[in-house]
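Engineer: Sequences listed follow chains A and B, in order. Take the first sequence: its letters are residues 56 to 315, numbered as in my numbering. Take the second sequence: its letters are residues 9 to 317, numbered as in my numbering.
Among the hints, erroneous ones may be present.
Said to hold, decoys possible - Under the rule of at most 25 Å between Cα atoms (straight-line distance), these lysine-lysine pairs were calculated in the DSS-like manner:
(1) B:LYS298 <-> B:LYS247
(2) A:LYS266 <-> A:LYS214
(3) A:LYS300 <-> B:LYS28
(4) B:LYS47 <-> A:LYS234
(5) A:LYS308 <-> A:LYS142
(6) B:LYS298 <-> A:LYS142
(7) A:LYS300 <-> A:LYS186
(8) A:LYS274 <-> A:LYS97
(9) A:LYS101 <-> A:LYS186
(10) B:LYS187 <-> B:LYS219
(11) B:LYS297 <-> A:LYS142
(12) B:LYS28 <-> B:LYS47
Simulated from the structure, these hints should not be mistaken for lab results.
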Amino acid sequence: MVAAKVIRQDILKMIHDAGSGHPGGSLSLVEILLHLYWKEMKIEPKNPAWQERDRLILSKGHGAPALYSILARRGYFSVDRLNSLRKLGSGLEGHPHMQSLPGLDCSTGSLGHGLGIAAGLALGLSLKKSKSRVFCILGDGELQEGSIWESAMSIPALKQTNITVVIDRNHVQLDDFVKNVMPVEPLAEKWLSFGWFVVTCDGHNMDELKKAFSTKTDKPLVIIAETVKGKGISFMENNALWHGKAPDEEQLKNALKELK
Amino acid sequence: MRPTREGYIEGLLEAAEMDKRVIVVDGDVSRSTGTIAFKRRFPDRFFNLGIAEQNMAEYSAGLALAGYIPFYSTYAVFAAGRAWDQIRTSICNMNLNVRIGGAHGGSSVGPDGATHQALEDIAITRVLPNMTVLVPADSNQTRQAVLASLDINGPVYIRYGRNPVPEVYNRDIPVVPGKGNLLLEGNHATIVAVGVMVAYALEAAEMLAAKGIYVSVIDMVSIKPLDTDLLLDAAEKSKFFVTAEDHQINGGLFGAVSEFLSQHAPCRIIPVAVNNRFGCSGTPEEVMKKLELTADIIKKKVEISLEID
Ligand SMILES: Cc1ncc(C[n+]2csc(CCOP(=O)(O)OP(=O)(O)O)c2C)c(N)n1
Chain A
56 MVAAKVIRQD
66 ILKMIHDAGS
76 GHPGGSLSLV
86 EILLHLYWKE
96 MKIEPKNPAW
106 QERDRLILSK
116 GHGAPALYSI
126 LARRGYFSVD
136 RLNSLRKLGS
146 GLEGHPHMQS
156 LPGLDCSTGS
166 LGHGLGIAAG
176 LALGLSLKKS
186 KSRVFCILGD
196 GELQEGSIWE
206 SAMSIPALKQ
216 TNITVVIDRN
226 HVQLDDFVKN
236 VMPVEPLAEK
246 WLSFGWFVVT
256 CDGHNMDELK
266 KAFSTKTDKP
276 LVIIAETVKG
286 KGISFMENNA
296 LWHGKAPDEE
306 QLKNALKELK
Chain B
9 MRPTREGYIE
19 GLLEAAEMDK
29 RVIVVDGDVS
39 RSTGTIAFKR
49 RFPDRFFNLG
59 IAEQNMAEYS
69 AGLALAGYIP
79 FYSTYAVFAA
89 GRAWDQIRTS
99 ICNMNLNVRI
109 GGAHGGSSVG
119 PDGATHQALE
129 DIAITRVLPN
139 MTVLVPADSN
149 QTRQAVLASL
159 DINGPVYIRY
169 GRNPVPEVYN
179 RDIPVVPGKG
189 NLLLEGNHAT
199 IVAVGVMVAY
209 ALEAAEMLAA
219 KGIYVSVIDM
229 VSIKPLDTDL
239 LLDAAEKSKF
249 FVTAEDHQIN
259 GGLFGAVSEF
269 LSQHAPCRII
279 PVAVNNRFGC
289 SGTPEEVMKK
299 LELTADIIKK
309 KVEISLEID
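Produce the complete structure using the sequences and hints provided.
Structural biologist: Below is the structure:
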C-alpha cells in the first residue's frame, strides 16, 4: 500500500497545477480510499471492466483528486497523467466522468445522486446473483439533500445488504461548518431509525477503518468516518476557505513541507 | 471585463435597500456565488438552507405566498434543473413572485466540467407558463435585470455567469421585460445573441464589416417574453438570422427565435449553440472553443448564410 502522504502530495500538486479544485474534501478522504482500494475491494486494476469486481461510487464527486491519485497509484493508469487534472481532453475531469478514465464505476458531481445509483446498482447485482459489493461515499454536507434520505429509506426496506455507505464526516461544507449551515445531528440516530447498522470510527486510522468495514450485520451498514477536512495541512484543516481553492506556489511549498 | 455575478449581487443589495420584501435563500454556495455579501449586509433577510435545492424552491414559494419577494440562487444546473418540478408546479402554476438566480450559467465554470456546466437551463425555464427568462450580457445589465425583476408579476429566472466577460452596457441602461436591444444596424443579416455571446456577436460584426458585410446585432436579454417587434423589424431588413447562445441548440434562444419567425416571417435561421452534447473540463475559453461558441464561428455562420443565397 502506498503511504497516505504520497496521496496527499499528489492531491495538492494536482490541484495546484489545475489552478482550481477541492483540496479540503479530497484530503479528508485519503485513508478511507486507501483502505477500500488496498484492503477491502475485490478489484483487478488491469481489468477495470471485470464483472466480478466490487464497485465504488464517490457521491461527493468533488473529491475526485483523491480518487484519481488512488486509482493511478493502484495501477489503473499512469501516475504521469495526474498532472493533467481539469485540463481539456485529459480524462481527469473536474468531477469524475466514467467514460473518460479507467477505474471509475460511476460519474458524479451533482450532490445527492450517488446513494440512489449505488442502491440500484446493488439491486441489479444481487438480481444477477453477483457477489460483488457496492461502496458509496457521501459528504456530510451532502446529507442535506432530500434524495439521500429517500435512498436511506429504501435500501433497508429492500433488505439490501450488498451495499456499504461511508460518510466522510469532516464537519465542514462549502460555506461554513455543517452545524452552522444546516445541522445533520443526531446523525447515528437518524440512520439507525431508518434501519441501518451504524458504526462510527476514526476515518484517518487504518486499524479502526478495517474494524469498521469488517462489521458483521444483516442490515445495510453505514460507517460514519470521523475525519478532518484538509487533513494533514495545518492551514487547511477545518477551514471552509479551503473547500474549493487551489494552493498557490508558496502555499503548495508550505503544504508539501508539512507532509515530509 | 467583469463577472456577471457581481452585477447580480449589486442589484440584489440595491433591491433589498429599496424593497423590504426582498429575501435571499441560498444553498451552501454563498461564498462561491457572492451572496455572502448580502448575508453580511442583511443578516435577518438571508437564509442558507444547505445543499437542498428542492427545499430552496419550496421555501421560496411559501415566502412568496406570505407576501415576500424571495431570490433563491445557486449554480444554474441545480437552481433550474434540480428543482424543476417545484418550479413548475409550485412556483409557476401559482404564478408566485419568486426570483431564481442561475449562477455559473453556461460553460463559464470551465474546469468543473460537464456536471456543472448549465447548458439546458434556458430551455427548461422558458418552457414554463408564467415564467420570465432574462439572460443578461454583462454585469451592468445583470444588475439592471435584478432591479427590473422587482416590478414583474410572477416568477423570473435570471441567468448569470462566473467568469469575467466583456462589458457591453453603461450602468444606467434599464432592462425591460419583453424588450431586446438593437446594438448595431446592418442589412445583410441579423445576429440575435444572449449572455456572453452578445460581446462575441459584436466582435463578429466588426470582422464582417471589415469585409464589407454589415449585420444587425440584437441582444435578446428578455428571451421570454421575446421581443417580437424587434425580430419583425429585423426580418424586414434582412432575410438571414444567426442566433448565438452559450446553451444547447434545442429549446433556448434558437428555439425561441425560430418558433416565432417560422410563423410570422419565415426565413433562414442558423444557430450558434452547443450541438446536443455535454461539455467537459478545460478553461472557459477552451471549452467554448471546443463547443464552437466563438466570434469566429458566428462570423462563419453569417458568411455561410449569405453564400446559400
Ligand atoms: C446538487 C449540488 N448542489 C451544490 C453543489 C455545490 N457544492 C459542491 S461541494 C459542496 C459542499 C459539499 O459539502 P460536503 O458534502 O460536506 O463535502 P466535503 O466537505 O467532504 O467536501 C457544494 C455545496 C453540488 N456540487 N451539487
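Engineer: Is the hinted pair B:LYS298 and A:LYS142 satisfied, with a Cα-Cα distance of at most 25 Å?
Structural biologist: Given pair B:LYS298, A:LYS142 holds - Cα atoms ~13 Å apart, limit 25 Å.
Engineer: Is the straight-line distance between the alpha-carbon of B:LYS297 and that of A:LYS142 25 Å or less?
Structural biologist: Distance of about 14 Å is within 25 Å: holds.
Engineer: Straight-line Cα separation of A:LYS266 and A:LYS214 no greater than 25 Å?
Structural biologist: Distance ~23 Å between A:LYS266 and A:LYS214 Cα, so the pair holds.
Engineer: Does the structure keep B:LYS28 and B:LYS47 at a Cα separation of 25 Å or less?
Structural biologist: Since the Cα atoms of B:LYS28 and B:LYS47 sit roughly 15 Å apart, the hinted pair holds (cutoff 25 Å).
Engineer: With the threshold set at 25 Å, check whether the alpha-carbon distance from A:LYS300 to A:LYS186 stays at or below it.
Structural biologist: 40 Å, violated
Engineer: Between A:LYS101 and A:LYS186, is the straight-line Cα distance small enough, at 25 Å or below?
Structural biologist: 20 Å, holds
Engineer: Does the alpha-carbon distance linking B:LYS47 and A:LYS234 stay inside the 25 Å limit?
Structural biologist: At roughly 17 Å apart (the allowed maximum being 25 Å), A:LYS234 and B:LYS47 satisfy the hint.
Engineer: Would the hint linking A:LYS300 and B:LYS28 be met if the CA-CA limit is 25 Å?
Structural biologist: 35 Å, violated
Engineer: Is it true that the CA of A:LYS274 sits at most 25 Å from the CA of A:LYS97?
Structural biologist: Within the cut-off at roughly 21 Å; holds.
Engineer: Taken at face value, is the distance from the CA of A:LYS142 to the CA of A:LYS308 at most 25 Å?
Structural biologist: 22 Å, holds
Engineer: Does the structure keep B:LYS298 and B:LYS247 at a Cα separation of 25 Å or less?
Structural biologist: Judged against 25 Å, a Cα distance of about 29 Å means the pair is violated.
Engineer: Run the distance test for B:LYS187 versus B:LYS219: straight-line Cα separation, threshold 25 Å.
Structural biologist: 30 Å, violated
Violated hints for the displayed structure, listed by number in ascending order: 1, 3, 7, 10.
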